[in-house]
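Student: Heads up: the protein sequence lines correspond to chains A and B, in order. Each residue of the first sequence is one higher than the one before, starting from 1 at the first, in the working numbering. Each residue of the second sequence is one higher than the one before, starting from 1001 at the first, in the working numbering.
These aren't lab readings, by the way, just hints derived from the structure by calculation. Since the model is a prediction, treat every value here as computed from it, not as a measurement.
Residues from chain B that face chain A, not an exhaustive set, calculated with beta carbons under 8 Å:
id, residue
1, Met1028
2, Leu1034
3, Lys1037
4, Phe1044
5, Gln1045
6, Ile1048
7, Leu1089
8, Thr1092
9, Val1096
10, Arg1110
11, Ile1111
12, Lys1114
Restraint ranges, calculated between C-beta atoms of paired labels, are given here:
id, chain 1, residue 1, chain 2, residue 2, range
13, B, Ala1010, A, Ala197, 26 to 36 Å
14, A, Ser28, B, His1069, 51 to 61 Å
15, B, His1112, A, Ala197, 41 to 51 Å
16, A, Gly412, B, Gln1129, 48 to 58 Å
17, A, Ile199, B, Ile1008, 25 to 35 Å
18, A, Gly478, B, Ile1065, 54 to 64 Å
19, B, Glu1125, A, Gly478, 50 to 60 Å
In this text, a Cβ means the ideal position worked out from N, Cα and C, and glycines have one as well.
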Amino acid sequence: MNTPNMHLYILAAPLLSAFAVNLLGRVSRAWIGPLILAALGFSTFGALLTLLRVLRDGAYRYTVGNWQAPYGIELVIDPLSALMLLLVSSVALLATCSALKSVQNELPGREHLFFTLYMILVAGLLGLVQTGDAFNLYVLLEITAITTYGLIAMGPDRAPLASFNYIIMGSIGACFYLLGVGYLYILTGTLNMADIAGILPGLNAPAAVATAFAFLMVGLWVKMALFPLHVWLPNAYSQAPTGAGVMIAPLMTKVTVYLMIRVMFSIFSPGYEFIQHAGVQSLIVWAASLAILCASSLALAQRDLRRMLTYILVAEVAYMVGGVWLANGTGMTGAILHIVNDAMMTLCLFLAAAAILYRTGSLEFDRLHGLYRRMPLTMAAFTVGALSMIGVPPTCGFFSKWYLILGAVRAGHWEFMTALLISSLINAVLFFRILELAYFQPVAGLQATTQQGSGEAPLPMLSPLLISAIALLALGFGCGPLIENVIRLALPPGFAP
Amino acid sequence: MDQLLSEIVAKYNYWIYVVLMMIGFYAMIGKRNLVKKLLGMNIFQTAIILFYVSIGGKRGAGIPIVDKHAVMLHGVDASRILNPLPHVLMLTAIVVSVSVTGVALAIMIRIHRKFGTLEEDEILEKIGQ
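Take these sequences, add in the hints, and give me the full structure.
Tutor: Structure, rendered in structure tokens:
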């Protein structure tokens, strides 16, 4: 079971199943679940094999349709992209278990449409992670974006408006990215990332290269919702159908951070960003620090669990951007580790929110009273996710934050360290407030909710939640080998954790 | 002044794209009507498409269809042929822009059904109530 095309099968499985789900899902709803789970299960297994292969044999490049690079589109499978493949497919697999249940509840009769978009989104994300071509990246970015617009617009009430605002902002981001690629194409005459990287250092056009770089970065920052370009995210992610939220929230921003790392190190070089433009580098770390503080403070003002989580998500994006721009190996290790950890933490918390919503019908803070008694397992998993978000030791959130803070100290960016610490404290306040409500407050309005509001969520929603909570602990204990065997290889040459 | 003018004339395609892009950008950010926002987005995308198409152009060059036998004998004179790659890229970008517009229009229909208007202020007012 070791074929050279494994990474293409990983990509093809969700894409083909999207069509199958659309056709067979019309005939019978019973087809949808098995088809999707089989496709994503295969992808996860394949991603694991690909990661093992890359770790054993080293990175490799693959030309699709045998059109040789730099003319053909090239896929690059290196340790980082193999790790992201595994992350995307496993998070999607876990999210799907829960989504199947909640979509059945929220969008009866439209499941096949929902899951068609959903699977194309997964395929788009898997493609984004692999591609080695700057223009291909734009196309895949738009594939993921368009499917996300559709998924979010399926939500109730204000969701279409939130989705429309996301379309406007998302298109601005994508167009800026496209412009950046256009400048690079004028300068180098090629679209292959590795080829551009080979030509760029020999060019004598600092202004044009800087413009291209700025357009690419701003475009991706809009897409990943780096504060203050985040305005579309909280509405879009909190209004989306629960089943879409559990997958989009953990993956979209993380994959875009990964793309930023790709653009920074595969097209441009660390020397370009950190040495030639040291002033910009330090400015961005300052901006990220401010972003962390502002987004965390905004989270304090929210009265709805899912809305609060989206603001925390915005703050976490700034963690990773700041970590990469710290310009040392420790910070970058922290940022890459945080991509993995944050995807899992966000997944865990959104799954918990989905389970609570399924049972109680609301995520307003006032409705969370006494939840520990009613849903002990869900709340236990939520607590693990919350502790990880705060950064309490054996959970994985502690380790990535530790590396980020260590990187900030080594780089002498005390403002970033301060922002991280304050943000952790704010997270502690945020989550302990909820834990207090759910644990100590007497059950208010129990009479109204006893019929449907008691008991755990059904098993398909509960089991991925528990698995993700266990994964948070496992990632925490296993972060040493993870850094040593995978992330160390993913750093650009000359950087060490 | 003369220098500025000649600069503009010499690179007029870039100036057109910048002006169009700013118009679109203004409509996307500044307008409060959702249809105007969408039109702004289309102008914005068209500006980028024009930008790409114009960079493939060469003075006095023809379409990139060449005679096979002539090429085998004399090779290709790149200065006589337009660069087709940016044009092909823009085919993809047009497809993307059309599909985004389609999704946006579909969503707008849903918004209109729900709120009965496409003015952002009125929608927010209705949500606030």
